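Starting from the structure of chain H, add chain W where the hints point.
If you read the sequences in order, they're chains H and W.
The opening residue of the first sequence carries number -15 in my numbering; numbering runs sequentially from there.
The opening residue of the second sequence carries number 195 in my numbering; numbering runs sequentially from there.
A hint or two may mislead.
To be verified - With a straight-line Cα cutoff of 25 Å, these simulated SDA-like cross-link-like pairs (lysine to any residue) come out:
#1 W/K328 / H/I45
#2 W/K376 / H/L23
#3 W/K742 / W/D763
#4 H/K0 / W/A488
#5 H/K0 / W/Q510
#6 H/K63 / W/D512
#7 H/K63 / W/Q510
#8 W/K494 / H/P56
As the list claims (entries may be wrong) - Covered stretches of chain H, going by a simulated chain W footprint (3 or more residues, C-beta under 8 Å):
#9 18 to 27
#10 57 to 65
#11 71 to 85
Calculated from the structure, these hints are not laboratory results.
In this text, all values refer to a predicted model and were calculated from it rather than measured experimentally.
For glycine and all other residues, C-beta sits at the position ideal for the given N, C-alpha and C.
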Amino acid sequence: MTQPGSAYSLDKIEEKPETHTMSVLVDNEPGVLARVIGLFSGRGYNIESLTVSETEHEAHISRITIVTTGTPMVIEQIKNQLDRLVPIHTVTDLTVLGDPLERELAMVKVVGTGEKRSEALRLAEAYEAEILDASPEHFIFLITGKQSRIEQFIGVMQPLGLVEVCRTGLAAIARGAGQM
Amino acid sequence: MSASMTGAQIVLQALADQGVEHIFGYPGGAVLPIYDELFQQDRLKHVLVRHEQGAVHAAEGYARSTGKVGVVLVTSGPGATNAVTGLTDALMDSIPVVCITGQVPTHLIGNDAFQECDTVGITRPCTKHNYLVKDVDQLSTVLHEAFYVARSGRPGPVVVDIPKDIQFAAGIYQGLSNSQHKSYRPAVNGDERAVEAAVELMANAKRPIFYTGGGIINSGPLATERLRELVRMTGYPITSTLMGLGAYPASDKQWLGMLGMHGTYEANNAMHDCDVMICIGARFDDRITGRIDAFAPGSKKIHVDIDRSSINKNVQVDIPIVGDCAHVLDQMLRAWKAKNPKVDKAALKTWWGQIDKWRARKCLHYKKRDDVIMPQYAIERLYALTRDQDVYITTEVGQHQMWAAQFFHFDEPNRWMTSGGLGTMGYGIPAAVGVQMAHPDSLVVDIAGEASVLMTMQEMSTAVQYDLPIKIFILNNQYMGMVRQWQELLHGGRYSHSYTEALPDFVKLAEAYQAVGIRAEKPSELDDAIKEMIATPKPVIFDCRVDKHANCFPMIPSGEAHNHMLMGDDLTEEDIENAITEEGKVMV
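Excised from the complex, chain W in its bound form:
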C-alpha cells in the first residue's frame, strides 16, 4: 500500500498500522503539525503528561505491563532533552519504546535555532538506535523500522527525530512490508550443540540453580510458560533478579526469592555454593555478582541471552547460548525430554536440605512494633490486603523498592514495573499512569518513597485528568533512606543532605491535585487505611508514616561475596561501621 499524504499524516498512519492505541506526549512548536492531526482523529488516544520524562516512564510502564511497544511524542529542544532520562532508563532495562521528537525545520538545523538541540547526537548513547528523517518519502519506512528495532532482539528505546518541514511536506506512505532489515537480524534460536551441552551439564548437576532475569519477561508469555515447565521438570531451585520477578511464581516451593545485594540469604548462598548455574535472560550485573572474583566459585555457568555482548562481559561462562529465551527454553525442554536424564536424586536431596537450612535463617525477619509502622510491615499488609485484586505494582528507587521486591510477591510476569538498571527516582508515578492506561480496571499501586515521588509528582495531574485511579503508597520516613543507609555504612552516620526538612503535607497535596489523600501513622490504623485506599475509585496519595531509621537487610556490602551477607536482626552499630572495607568504599 502506498499513498500520498503529509508527513504528520504519515506519522499517524504508521502508528495506526503498528497497532498503537495510546501515545504519551507533550506538545510544542516543532510537533504542532502532528498534534493537529491527532486533534482531527479519535483512533489514537493521546495522554498529556506534565513533563517529558513522565511521558517516557509512562510508555515504559505501558510497555512493561502489556508487552507492546510504548510510544512517546515530544517536541524539539527541551522536549527531547527532558526525555533523555526516560530513554536511558528504557535502554538499561531493555524496554521497547518509540519516541518521536519534533525538530526545527531542516534548513535551520545547526543554526542554534529556538528550541533546537542535536537530538540524535544527544540520544545516540541512550537509545538502541535513532533516526533523523530528512526526506518525507523515507518517513514511513523509518517509523516501521523503528518499531521493528525497538521490539526485536534485545528490546530498547528508539528515537525518530522529525523536522517540522518534513511534517508539513507531502510524501508517499509505504505500508508494512515483510522485507528483512538489511543489517539488523538478531538471532532467536540457540545453537543446538550448545543447548545439548547445557542440558548434559544440567542433568549431571549436584547443586544446580536457575538464575533468571528481565529477559524472560521481555521475551513474552511463552518464555515464562516454558521456564516454569523446565524448572518444575528438573526440580531445581530458582532465583531471579529484580527485573525478572514474576516470571516464576513466588508462591512456589522451588522459588528462593530475589538474589543480589538485597536478595535473600538462601538465594545468595545457593548462588555461591552451586556447581551448575543456569542463567537465562540476566546479565551478571554488579548488583547481582558482588565481589566478582568470589562469585559462585567452582561453578559451571550456562548463559542464555539474546544480546551476545551481555555474554562474558562481567563473568566468564562455560556454555554461552545466544538466542531468545522462549526459543532457547523450548530447545532445552525438548533436549531434556529426549534425554530423559536420571538426575542425582541423593545429591539434590542434600542440596535442598542445605537450602532449607539457609531458609531457616529467616533473613527477612524484622522486629515488628506497636507504636510505629515498620516499612516492611506496611508492604506485607498491602500485599495481604490486595490478594483479591488484579494488581500491578510500580516503584520508585530506594529502600522502599527493595522492600517491595522482598515483601510483595509476584506470581505472574508483567505485574512488576521498576527502574532496575538506571535506578531512576521518580519512575513510579508516571509508570503507574502508563500501566493504568493499559489496564483501566486493575489496581495499580506505586510503592514509593517520599523523596523519589516528589521528582515526578506533577504526573498526579495527568492521573486526575484521565481518571486513572492510581494509588501512590508512600513509605514516608523523611529520609532518602538508601542514601542514609549508605552514609551509615560508609561515612560514619554523617547524614549529609539526606533528610528532607520541608516535606509537603501529602494529604493536602493530593487534595490540591483533586485526588484523595490518606494518612496512616499507627500500625493499628494501617489495615483500614489500606482498605480505604483500595476502595477509592480515584487517584490516591497514601502517606504511610513509617519508622525513620529502618534499614534494608539482608545486604551484601559492596566489595563482598554472596556468602558474606549483613543480616538485619543482629547488627550492632559497630558491625555497620565496619561492614565495608576501605576498598569496598569506592564502589557504588
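Extracted from the complex, chain H is given alone in its bound form:
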C-alpha cells in the first residue's frame, strides 16, 4: 500500500519554506497584539521577529512588522487569517512587493579589559557602532542596520566579552513612492 495521508499530513507536501516580512496596520486598542500573537501560537505559525508601535497617533493606528517563515501555502494562510481579525485594517506582504528596506537596532554590552577591550573598540569603529555608555570595564554599543550586519557585529563581539544583547526586531518599509 502507498503511504497514507490525510488532512494531518500537509507538512509532508514538498514546498520549501520561505521567509516573509509583513506589515500589518491595526487599531491600537487593548488586546490587539494578543490577537495577532495568539493567532500565530494557536495555529502553529512561526514568529521570527515582531515589532510594534503606534504610527498614526490621531487615528490610533499601530504598525506591526512580522517576520515569519512557512511554505507558500502557510504564508498565504497567515495573511488571510490576519486579514479576518476585526481590528486589522490591512495586511501587506512586503516580501511579495519586492526587496523591502529592512533595518534593526541593537544595543550590545561588552565587558573586559586590556587587549580584548581595545579590539572591541576598534571593531566597533569599523562597524560604525555608536558608544552609548562606557567605563574602564565595559562598553555599550549601539548598532543599526540590516539584520545580517547586526548578526556579524554580535558574532565578532562574542569572543571579546559580549555579555548582553538587546535587539528591537525588524522595521520594514516598501521601496518607492507607493504607500500602504
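Chain W only, in chain H's frame:
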C-alpha cells in the same frame, strides 16, 4: 438618537433596537444590574437555563433555526468559563451569537477578585471578536458593533464583557447608525472574472459534482433558493456536508446524500471520480476529505467561501471565489443563463449511469431484526411518523448523530441543528430548547445518545419551566457508541471506559423533571411509542433501547481515500481490525 441612561438600560435598549426578542441566560453578582432592568420590562423574554453552556447552545439552536443572532447573558468568572464550550462550538460552526458577560467592577479587574476571570483573554481564541467595555459612553456602540460582527461575513460568536460599575454608570445611548465599520468589511460579491471562469469550467464538465456546506444555510433563504435553481438548471449531482443538510432537498433525484467519513457510497465515489467540483460554503474539513493526497485526484475545483482563509487551507483549488453564497450563486446563475451552454449530455448520461451503479450498492443497508430495535430503524420510523409535522431536529454527538444524518432526510434548510465542527456532546437538549423557543408550535426532536444527553440533562428543567414540549429521543445502547466503534477499529475491541454501567432510569428521570418518560424495547412497540411521544404536549424523554453493538457504516477509515469505504453489511471482525493502517491510527 442619543439619550442618557444607565449602562444596564443601555444594554436593554441596544438589544431591543437590534430586534432581539429572546435571551438565554443565568444571573450572578456581576450582571445583577442588567437582570434588574430585565425584571422591570416585558419586551425581552429571558429564558433561565440551568448551566451557561446550555445558554450558548440554546442561543445557537435559536440562531440556526431562525437565521437571527442568538443572545446570551451570563455572569463573570464561572459564568463566562462555563460558556466557553458553547462559544467554541458557535465559532467552529459559524453560528451568530452575542454573549454578554458581567465582569467585576473596573477597579477590581486584575485583582483576582471574587468570580473574576480574564474573560476577554479566555474567549479571544474561541470568539470571532470580543470586547471589554471600560467606558459607558462606548457601550451602545460596542453592542451594535457586536451584532454587526456576529452576523456579517462568516458569522460567529462575539463576547461583550461589561464590568459591573459600567452597568450602574450613566452614559449616552447611541442608536443604530449606518456608518461603516472602520476595518471590518467582508466582501459579499464574488470577482466577476472568477465567476465567468467557474461557469466556463462547469459548462464543460463531464463528471461534475456540487459539494455544499453550512455556508449556504448561514447565507440565508436566498442562497438556498438560488442553489436549487442552479443545481436543477445544470442537472448536476449534489452532495453536502453534515452542516449543509437541508439546503438541497433530500427527496430530489439529483441528491446523493451526505459525503465524508460517514457519507454515502455514491456521494464519496462521485467526489473521488469527479472532474469538476463546485464547492459552495464548505471548507474541505478533514471529515470530508479523508486522505488529502488522494482527494478527488484529477479534478478541477471551484471554491466559493465568504472567508478567504478557508480557501486553499487544506486543499488547493483552481478557481477561488471570495463572497457570500447567495450573491455568488446569483452571479453564477446570471452567467450560466447568459452563456446558455451546451453541456456534454452524453458524458453526463454516462456519469449519472455510474452514479446509479454506486447507488445500487445500497450503502445504508442494515439487517433489520425482530427481537431488538436497530438504531437505524428507530430513526427511519421517527422520520416516517413525523411526515405530517413541522419538524426540527437537533442532535448530540456520536453514532446517533451520523445515523440521524443518514436516515432522517431534510427538504428544507434551518431544520437540522447539530454540532459539526467542535463535536460537542450535550449540544442537543439545550439547542432544542432554543429551537422550541423560536418555534413554539413545531415539533422539536433531539435525536440523542444516552451518554451525550447526560452532559446537559439539567436543561430538561428549563424545558419544563417554559412549557417547551421538546422530545428527547435517546438511542440507548449503553455505550459511547462512536468511542466503542473506534476502539474496535483501532484498539482490538478493548472497550476502555466506553460502557456506562450505572445509567439512570430515563423514564423516572423524566418524571422527576415533571416531564413525560416513554420507553420502547421491541420493534413491535416502537411505532405506537413514537406516536405517543408526538402526541404528548409536554417535554418527553424517550428511552429507545437499541441494539448495543450496531456500528455506523459506511465509513471512510481515517487515513483512507473516498473510494476506500468500509461497508456495514459484509464486514468480518478481521476486516474491522485491519481497516485502519498504522499511520491512520494517529489521526482522529
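| Quick one, are H/K63 and W/D512 close enough, alpha carbons at most 25 Å? | Holds, because 19 Å separates the two Cα atoms, which is no more than 25 Å.
| request: Below or equal to 25 Å on CA atoms is what counts here, so check W/K376 against H/L23. | output: holds, 21 Å
| field | Outcome, coverage hint (the segment 71 to 85 of chain H, chain W; C-beta under 8 Å; three residues) | value | Since three or more residues must qualify, the claim that chain W covers the segment 71 to 85 of chain H holds, with 3 doing so at under 8 Å.
| said: Can you confirm whether the C-alpha distance between W/K494 and H/P56 stays at or below 25 Å? | reply: Holds - the C-alpha atoms of H/P56 and W/K494 are around 20 Å apart, at most 25 Å.
| task | Examine the segment 18 to 27 of chain H: at least three residues should have C-beta closer than 8 Å to a C-beta of chain W. | result | holds (count 4)
| Is the hinted pair H/K0 and W/A488 satisfied, with a Cα-Cα distance of at most 25 Å? | holds, 22 Å
| Verdict on chain W covering the segment 57 to 65 of chain H, where coverage means 3 or more residues with a C-beta closer than 8 Å | holds (count 5)
| request: For the pair supplied as a hint, H/K0 and W/Q510, confirm whether the alpha-carbon distance does not exceed 25 Å. | output: holds, 16 Å
| Is the hinted pair W/K328 and H/I45 satisfied, with a Cα-Cα distance of at most 25 Å? | Cα-Cα ~20 Å, so holds.
| request: Would you mind confirming whether the straight-line C-alpha gap from W/K742 to W/D763 stays at or under 25 Å? | output: Holds, because 17 Å separates the two Cα atoms, which is no more than 25 Å.
| Does H/K63 pair with W/Q510 here, judged by a C-alpha cut-off of 25 Å? | holds, 16 Å
Checked against the numbered hints given earlier, the structure satisfies every one of them.
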